[in-house]
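Given the sequences, and given the hints that come with them, work out the whole structure.
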Amino acid sequence: MDFSLKEETILLKNNAARYLKEKCSSSFIRNILRDEKGFSPIIWKEMAEMGWLGLIHDEQYGGIGGSFFDLVILFEEMGKVLLPSPFFCSAILSGLVIKEAGDANLKAEYLPFIIRGEKILTMGLLDERGRYDHEQPSLEAKESSDGSYAVEGTRILVPYANVADEILVCANVRGVKAEGATLLKIHGKADGQKKIPLDTLTGEKTFAVAYKSVQVPAQSVIGAIGQGATYLSRIIPPVTILKCGEMLGGLERVVEMTVEYVKQRQQFGKPLGSFQAIQHYCVDMATYLETTKLITYQAASLLSEGIPCHKEIAMAKAWCSDAYKKSTWIAQQIHGGIGFTEEHDLHLFYKHAKASELAFGDSWFHRTKVAEEMGL
Amino acid sequence: MKFTFTREQNEFRQEVRDFLRAELEAGTFSVHCGGLIEGSSQEFSRKMAKRGWIGLTWPKEHGGQGRTYVEKAILMEELMRVQAPIGYHFLADRQVGPAIIHFGSQWQKEHFLPRIVRADDGMRFCLLFSEPNAGSDLVAVSTTAVKDGDDFVIKGQKVWTSGGHLADYGWLLARTNMDSSIPRHLSCSEFIIAIKSPGITIRPIINMAGKHSFNEVFLDDVRVSKRFLVGQENAGFKQIMAQVDYERAGFERLMQNYPLFERLKSYVRQIGKIGFGDEFYSWIKDSIAQLEIEFNVGRLLCYYTAWTIDQGRQPTSEAALCKAYCTQYEQRLNDAATRVLGPSSQIRGETKWTAFGGDLAESYLWAPSYNLQGGTVEILKNIVALRKLGLPRS
Numbered sequence: 096m097d098f099s100l101k102e103e104t105i106l107l108k109n110n111a112a113r114y115l116k117e118k119c120s121s122s123f124i125r126n127i128l129r130d131e132k133g134f135s136p137i138i139w140k141e142m143a144e145m146g147w148l149g150l151i152h153d154e155q156y157g158g159i160g161g162s163f164f165d166l167v168i169l170f171e172e173m174g175k176v177l178l179p180s181p182f183f184c185s186a187i188l189s190g191l192v193i194k195e196a197g198d199a200n201l202k203a204e205y206l207p208f209i210i211r212g213e214k215i216l217t218m219g220l221l222d223e224r225g226r227y228d229h230e231q232p233s234l235e236a237k238e239s240s241d242g243s244y245a246v247e248g249t250r251i252l253v254p255y256a257n258v259a260d261e262i263l264v265c266a267n268v269r270g271v272k273a274e275g276a277t278l279l280k281i282h283g284k285a286d287g288q289k290k291i292p293l294d295t296l297t298g299e300k301t302f303a304v305a306y307k308s309v310q311v312p313a314q315s316v317i318g319a320i321g322q323g324a325t326y327l328s329r330i331i332p333p334v335t336i337l338k339c340g341e342m343l344g345g346l347e348r349v350v351e352m353t354v355e356y357v358k359q360r361q362q363f364g365k366p367l368g369s370f371q372a373i374q375h376y377c378v379d380m381a382t383y384l385e386t387t388k389l390i391t392y393q394a395a396s397l398l399s400e401g402i403p404c405h406k407e408i409a410m411a412k413a414w415c416s417d418a419y420k421k422s423t424w425i426a427q428q429i430h431g432g433i434g435f436t437e438e439h440d441l442h443l444f445y446k447h448a449k450a451s452e453l454a455f456g457d458s459w460f461h462r463t464k465v466a467e468e469m470g471l
Numbered sequence: 060m061k062f063t064f065t066r067e068q069n070e071f072r073q074e075v076r077d078f079l080r081a082e083l084e085a086g087t088f089s090v091h092c093g094g095l096i097e098g099s100s101q102e103f104s105r106k107m108a109k110r111g112w113i114g115l116t117w118p119k120e121h122g123g124q125g126r127t128y129v130e131k132a133i134l135m136e137e138l139m140r141v142q143a144p145i146g147y148h149f150l151a152d153r154q155v156g157p158a159i160i161h162f163g164s165q166w167q168k169e170h171f172l173p174r175i176v177r178a179d180d181g182m183r184f185c186l187l188f189s190e191p192n193a194g195s196d197l198v199a200v201s202t203t204a205v206k207d208g209d210d211f212v213i214k215g216q217k218v219w220t221s222g223g224h225l226a227d228y229g230w231l232l233a234r235t236n237m238d239s240s241i242p243r244h245l246s247c248s249e250f251i252i253a254i255k256s257p258g259i260t261i262r263p264i265i266n267m268a269g270k271h272s273f274n275e276v277f278l279d280d281v282r283v284s285k286r287f288l289v290g291q292e293n294a295g296f297k298q299i300m301a302q303v304d305y306e307r308a309g310f311e312r313l314m315q316n317y318p319l320f321e322r323l324k325s326y327v328r329q330i331g332k333i334g335f336g337d338e339f340y341s342w343i344k345d346s347i348a349q350l351e352i353e354f355n356v357g358r359l360l361c362y363y364t365a366w367t368i369d370q371g372r373q374p375t376s377e378a379a380l381c382k383a384y385c386t387q388y389e390q391r392l393n394d395a396a397t398r399v400l401g402p403s404s405q406i407r408g409e410t411k412w413t414a415f416g417g418d419l420a421e422s423y424l425w426a427p428s429y430n431l432q433g434g435t436v437e438i439l440k441n442i443v444a445l446r447k448l449g450l451p452r453s
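Order-wise, the sequence lines are chains A and B.
Counting in our numbering, the first sequence runs from 96 upward without gaps.
Counting in our numbering, the second sequence runs from 60 upward without gaps.
For the record, the hints were derived by calculation from the structure and aren't laboratory data.
Watch out, some of these pointers could steer you wrong.
Ranges between beta-carbon positions, derived for each pair [to be verified]:
hint	chain 1	residue 1	chain 2	residue 2	range
1	A	GLU355	B	GLU84	54 to 62 angstroms
2	A	GLY470	B	GLY86	27 to 35 angstroms
3	B	ASP394	A	GLU438	37 to 45 angstroms
4	A	GLY470	B	GLU67	27 to 35 angstroms
5	B	GLU67	A	GLU103	22 to 30 angstroms
6	B	GLU67	A	ARG125	47 to 55 angstroms
7	B	GLY111	A	GLU102	30 to 38 angstroms
8	A	GLU103	B	ALA253	23 to 31 angstroms
9	B	SER403	A	ILE105	49 to 57 angstroms
10	A	GLY470	B	GLY111	30 to 38 angstroms
Listed next, the in silico DSBU-like pairs over lysine-lysine satisfying Cα-Cα at most 35 angstroms (straight line) [stated by the list, open to error]:
hint	chain 1	residue 1	chain 2	residue 2
11	B	LYS61	A	LYS140
12	A	LYS108	A	LYS202
13	B	LYS61	A	LYS101
14	A	LYS449	B	LYS324
15	A	LYS388	A	LYS358
16	A	LYS464	B	LYS119
17	A	LYS365	B	LYS297
18	A	LYS101	B	LYS119
19	B	LYS270	B	LYS411
20	A	LYS358	B	LYS297
21	A	LYS108	B	LYS61
22	B	LYS324	B	LYS255
23	B	LYS109	A	LYS464
24	A	LYS284	A	LYS446
25	A	LYS237	A	LYS421
26	B	LYS61	A	LYS202
27	B	LYS447	A	LYS108
28	B	LYS61	B	LYS324
29	B	LYS270	B	LYS106
30	B	LYS447	A	LYS388
31	A	LYS118	A	LYS421
32	B	LYS324	A	LYS101
33	B	LYS119	A	LYS449
34	B	LYS344	A	LYS446
35	B	LYS61	A	LYS421
Glycine included, each C-beta is placed from N, C-alpha and C at the ideal position.
As structure tokens, then:
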């Protein structure tokens, strides 16, 4: 057991923290959320130049071949400022899908561009009820005589569908020779694809995408037909821990802003932080923070070392989902009316905590995974 | 960061497990909650002593092994897993020894440390801190120790003295400066007093579980030689503040009722979905998964606290945060287990319907003490608020 960070990690963390603090003021973030694209092209370019997008990708494609743990730390820093960007959907989700399932040609065709930020990819994992349905996709892809597919169905909550060069999906392929849950890439400007902007809690750019007989060529298939769920089952767990890293960052900022607030705010002739009820609330938040840190870093560390850790991943997401959310509830109580305004930053984290809880399975879902791992 | 153990640490853990398995097979003790206090055995402590497992973290020059707190945590985790009967040496090992090492005189070090480490006769300790008017507000102690020649004469009363009726020595906090203009936290001292001293009367207090585990202790003009004053006169509180972190920081705060968890999991697997019915089983799985997650989180906190000590840092807020979290887990474990077992969880004694050999009912009755002893959850939160978050005093 060793809870110290490596020198390289500290360096990365400090540099990222400095960069993000300087560039991502609250008003800057809010402007991004109001902007049509939903991300800052300047920051996007700079992140690519700093090697962030390719941190865990192979050097042969322009990546750094760095450690997964370091990537979690990076997501933690991005989580502190709540930077909206296609990093997660493009470099991580889509990038890892291609890395896992794609052949050499596909990797060469996309990874270098993804890593340089020159192409943006995204994934549509959710059905119309908002379920992760890749085991039994409701999206259909029927093969035609010429080998192309006709895609039919809808995906919701597809991040950055408006700017994506390709949208990756897992569709139920009904082919001539083979069938089953299959990964497909669909061109961002494919005919018959309708993108409906969705206004959600966080305000991040996300869309419902409806496919009505959208023709995609045979080469749209990524990996083997019928293996889509298998590929995804390999990348969703590490991706979930990156989400936990981001949640950890958000939680740190919530605790920090709340403790700062109660030191300054005066009521009844004293700082709010001198009242025991407030102190205990703050300690509860600090406890959520310390425990979230440990359980997240545990999964991150084991993943980084290639040690099987399905249970630890499930424990982390289960814990983070509740800890972050509950901390924002406490923070709302402590801040009083001002925390309920749009002007104050707390709502950004309150919303982020809920969205993150619901992403990739909430605490109940992951408890079922823990129970499974325990043989119950 | 590393969340795995080194080969040496794993070997150590296995060594402890092998020892405990052998003892269990030989019938030296049996696994049941509360074994830590109720099943204490000097013989068992001696076996641990022979292996160097008492004073594991003490410096070698004081008879210890000079090993790390992480290793101590490994040892404690394994001992607590089976509730090994370590009550004889437990307090001496955990805090009396370290306090003597830090603050004790040469004579005290020579007299007590080797005997504690060997689990010699007459080395069982109890703590004489709390009083009827001084619980969380320890500074309000009114037991006095008045200098009289080469002695101090002690007069007062202590309460909640766990194991006082079994102890050989008590670790006492008493007022030595009666000047009311001096702040109270600068007017107390620590002493070691022989429980058999004339003037000491012990009266049992029966707890909610019907057990005699703690006591009232009356001190009526008890004479103690000044050689038993520990550290500086009137520096008692400063010394205690350094000691309590060690008292708070361990697996004994997370695993006092751990056998319940193991038994619960076995029971659930044995009865299965068919025995419970789909809906109840669904709730049970969810509850157990939550307990498993909470236990693992607590475990990480315990190792993190131990590691902090190994880095040479005073783990004040880490230990407080850890303990507050851990004891609350113990209480939730009890509660969940009773709900899985249902009405039969309340049956005590040895009947064929008693759940988990009576441990479940007993543990539920001991549960309020988990969040109170050694620093209540509320006091611990105050400490974290002040020390970690830098909030102003309320």
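Okay, which hints does this one fail, numbers in order? 8, 16, 22, 23, 25, 32, 33
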